[in-house]
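Asks: The lines below spell out each chain.
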Amino acid sequence: MDLIYRPRLAQILEVKELTEREKLFTLRLEGGEVLGHQPGQFVEVSVFGVGECPISICSSPTRGPEFQMCVRAVGNVTNALHRLRPGDYVGIRGPYGRGFPLQESKGQDLLIAAGGLGIAPLRSFIHYIMDNRSDYGEVTILYGAREPKEILFKDEISLMQGIGRCLLTVDRGDETWEGHVGVITTLCPMVTVDPSRTIAITVGPPIMYRFILQEFFKMGIPEERIYVDLERHMKCGVGKCGHCQINGFYVCREGPVFKYSEIKDLPEAI
Amino acid sequence: MPLKILPKESVPLFVDNLLRDYEVIGPLRKDGFYVFGSVRSFSDMELDYPITIYPAKKFFLPPRESLLRFKTGEKVSVEPVVEEPQPKVLFGLHPCDLHSTWLLDAAFLQETPDASYEARRRHTVFVGLDCLKPCDEYAFCKDMGTLYVNGGYDLFLTDIGDAYAVDIGSKRGEEMLERYADTREPTPSELKRLEAAHKEKEENFSNRLKFDIHNLPAILWNSYDSPYWEELAQKCLGCGSCTLVCSTCYCFDVFDKVELNLQKGERIRVWDSCLLEEFAKVAGGLNFRPSRVERLRHRFFRKGKYLTERFGKVGCVGCGRCTRNCLVHINPIEVYNHIYEEQQKSAA
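If you read the sequences in order, they're chains P and X.
Per my numbering, the first sequence starts with residue 2, numbered consecutively.
Per my numbering, the second sequence starts with residue -5, numbered consecutively.
Calculated from the structure, these hints are not laboratory results.
As the structure is a computational prediction, the values presented were derived from the model and not from experiment.
Honestly, I wouldn't trust all of these hints.
Unchecked claim - One-sided excerpt, in silico: chain P residues whose CB lies under 8 Å from chain X:
#1 I5
#2 E53
#3 T79
#4 K265
#5 E269
What the hints assert, rightly or not - Each computed DSS-like pair below joins lysine-lysine, with the alpha-carbon atoms no more than 30 Å apart:
#6 P/K219 with P/K260
#7 P/K260 with X/K229
#8 X/K258 with P/K24
#9 X/K275 with P/K150
#10 X/K229 with X/K165
Here a beta-carbon is modelled for each residue, glycine too, at the ideal position from N, C-alpha and C.
Please construct the entire structure, taking both the sequences and the accompanying hints into account.
Replies: Shown next, in the form of structure tokens:
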């Protein structure tokens, strides 16, 4: 029987500071094993002695056996992760959950809206699209951060622009910022989509969903073509511990990526 | 199913024989209450017991257990803890407790089986004991459909006076009976007494739920925004006693415990409760169920709707332990009836 709580060991190959709060970790499973994830899935990361927490994978499975996680130092485990260096080991369980709709999106246009750290799981999908570019139609990426210094993966923006439109905004600008200022929804008037062939995917803080979803509806995108990625504390990752439950759903099993039509009647979802 | 007769005077020998090869867990009297505990001889047990404080789940889902051992520092290593459990006989489990095991099995053995649960479960023999009368005014097993059992045990005893009628529920049960007990075939009069016992049982339990249990998920769902939940949450102390004694609650928390030398440690699983404030909190402080009303409602919905729909069986077995231990007397059957009547009224 599989020991479902036993992590595999993974070595940290590289740590890159992205902002004051986020670091990008590149890891490899011991023995060079492939993680075998889908974009949008998450892993349970152990810093032994501190604990375990769910982190989404921000690299694409098309890019070799290494994988990446963009981690914000916000809790016990993530703060401990931030103290680790290349060569250190962590535990990895998973990948778990249901990721982004890779198959359903094939041949469709994609409208991707990322708020803050939401760009992390979406980066996995965006890289996947880059590596399978002919499978997908037009791609529009909206990315909003609170401040210019909080923009993640700055050096990859031009790559993202290479696959389609990529519009950036910040809630508050600073003296260096020449781009758009305003919450992410203020980018929407600049976007035109064909709602019948567009899949919309959004990942961001809970408060953002209420507003960005309204924009998707205004564009005429049907509920069953809209996907959201929901955050909860997935403690066990295997549908048992109960912590990540949204009404009857376990985010760790049935999510974290849900079709809007599946969760729109769940009062606890958004 | 094959039926045997175990005379009451043969029960002590049966139990004492079992004790040679098994740890026997049975109902023990403790400070005026009953608990499931390890027995040293049959005389420790009181089979004519109403209900125990805690259910039997702790024998396969312990309140605290180690999942992993790890070493930190230069050379990190991790190994799972899978103990080969002692074979156990749970002796004298009532129908509600047998039903709750079915639910825990569904949670821990389906899809991604939990190895330590599975091992403990595999090494546990169930000897059930029928209830011929309600344990007290708090039980509502009949309403939850758990008054009768259809399998889920190795042996099942029914008191017919000077003997127990033993229903054999498994090959293991049959072998155990052959090996450890002095049984015989039932006489026609004993079969009649068993029938009479069943009839008496039927008469002794009354229905208290005012609607068909199959409608519970829908009735609950319709009550989502009812002010009644707020009213109930005003009473609720949020202490989590109900989840602690619940026979079908299985939520857990996991944490790392490190030895003082910081070189070694264990990953520990402990029972948790969705009624506690921290339960749905994520790192960064956001709490997805910040108010007591949301947490209390979640608990009721989890039993009466979410688990019910997931596993095809009501997530509550009606044992009444939650009510018995609730300091403010929140009683599920009253809650269910209240929301039902509220909906009847508003429909009229």
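Asks: Does each hint fit the structure? Answer for all of them.
Replies: Results for each hint:
1. I5: 5 Å, holds
2. E53: 7 Å, holds
3. T79: 6 Å, holds
4. K265: Not OK, violated: P/K265 not within 8 Å of chain X, min 14 Å.
5. E269: Hint holds; P/E269 Cβ to chain X Cβ min 7 Å, cut 8 Å.
6. P/K219 with P/K260: Between P/K219 and P/K260 the Cα gap is close to 17 Å, so the pair holds against 30 Å.
7. P/K260 with X/K229: Violated, at about 37 Å.
8. X/K258 with P/K24: Within the cut-off at roughly 27 Å; holds.
9. X/K275 with P/K150: Given that 30 Å is the threshold and the Cα spacing comes to 28 Å, the pair holds.
10. X/K229 with X/K165: 49 Å, violated
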